[in-house]
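*Asks:* In this text, residue positions in the sequence shown follow my numbering: the first is 5, and each later residue adds one.
Take the hints with a grain of salt, since some may be wrong.
[As the list claims (entries may be wrong)] Think about it this way: if two alpha-carbon atoms lie no more than 30 Å apart in a straight line, the pair counts; the simulated BS3-like pairs of lysine-lysine are:
#1 K292 to K243
#2 K34 to K57
#3 K52 to K94
#4 K33 to K94
#5 K52 to K33
#6 K34 to K128
#7 K292 to K233
#8 K57 to K33
#9 K84 to K105
#10 K323 to K336
#11 K201 to K211
#12 K194 to K172
#13 K201 to K103
#14 K287 to K397
#15 K241 to K292
#16 K401 to K334
#17 K34 to K52
#18 K372 to K128
#19 K292 to K211
These are calculated hints, taken from the structure and not from any lab test.
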Amino acid sequence: MQANKQIIIILILASLLFSALGAAFYFFKKNKQAQKSKNELVTIYIAKADIPKGTLITVKQMAQTKIAKQFLLNKPLMKKEIIGKYTSEKIFKNEMFLKQKLSTQIERERAKVLDFTSSSYNMKFDMFDNPNYTLVQGDFINIISVLPKGQPNSKGKYLDFDVQYVAKNIKVLGFIKDGLNESSSITKEKIKKVIKKKVVEELVNVKANELILDINPNVLISLIKDYNKGNQLWMVKTKESIQIKALDEMTKEETKELKKEIKKSLDKETKKVKKAYKPKVYKYQWYKSKVNTITKSAVIDYTNDKGDSKTKKRSVEIKVDSQKICNSIKDKFIIGTSARFYIRNEPTTRSSKKSILEKNTIIPYVEKLDTWYRTCDGQFVSSKVANEISYSKAVEKAGKR
């Protein structure tokens, strides 16, 4: 019996030895194959000479060579993958052609943005009240700012307004759609639809999100200020014919006539805007609080095991019905006077948490702290964007709460 056990142990050890030798041989063979594969020569295509950006690749610009596979850092391209493409970057002499440095005709057109003379700035189409999607690269636009004038009538409507040009003869350099540059504001795209359980492709018009403008920085600042005030922005397509630099080459009479034409053209555009203008009406409304908790400080008395009495002050969050608190106030109210204004969690313009309210929002407040009003739900509104209003006047404007 003892001999049989020894034989079994010897057989197990022998099988383990043979398995180890087999594994070693297998890995040795695999390593040999890997080494052979690394030293295998691969055909690659390189540039015969420096090729500038935006060049169409032809056979004449290509050379063929071989290199060991182990020295390749990128997957080599086949000949058909290179010919007919455009260089998106400069390719240097003897440099291997890489996919990331080549583009198709469509990609090349998309990447094309005209040069600017002042500064290049992107504006969203939805910043304008009349976005013009017929614009193409190289067009010129005038940008008009429309602002209410005087005080609104009893129905909250403005009877008069001013129109002024904040930007004239602005060149359109290009467009952006989903992060890609385009040469026109509307492009055609293939989309897949399921019709009667069949997948079909359909060409649809897709609008750009933004337009790229060549605009003077000072003019841009003026335009953004107007927009932030709540003024409406309008774009008017115009012609390049009105060029200020050409005035010094004209006679006095020619200059006079040109200025008349410019005024006539601008007046015509102003009339169009006035006719189509629909001022935004800010309805009177009561403030609806979204605050669910209010942080308050409380003094807590506690006694330790030895009978010593101590007190400790700490801040605690208390769940409240903030709207109920706001509704209970009957004598202190403010009304928003700016088109859009902030209500903040701290009495400072550096407050990280803030919400936007609209003009004519009536807010109950608890107290006035210097230039800030502390509202019924513990937030703050600057006195620069709100005026005090009586309860009777507030009810007259917005109705009962």
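*Asks:* Each of the hints needs a verdict: does it hold here or not?
*Replies:* Structure-based check of each hint:
no., hint, result
1, K292 to K243, "49 Å, violated"
2, K34 to K57, "44 Å, violated"
3, K52 to K94, "13 Å, holds"
4, K33 to K94, "44 Å, violated"
5, K52 to K33, "40 Å, violated"
6, K34 to K128, "59 Å, violated"
7, K292 to K233, "24 Å, holds"
8, K57 to K33, "47 Å, violated"
9, K84 to K105, "15 Å, holds"
10, K323 to K336, "23 Å, holds"
11, K201 to K211, "28 Å, holds"
12, K194 to K172, "37 Å, violated"
13, K201 to K103, "37 Å, violated"
14, K287 to K397, "14 Å, holds"
15, K241 to K292, "42 Å, violated"
16, K401 to K334, "15 Å, holds"
17, K34 to K52, "38 Å, violated"
18, K372 to K128, "39 Å, violated"
19, K292 to K211, "37 Å, violated"
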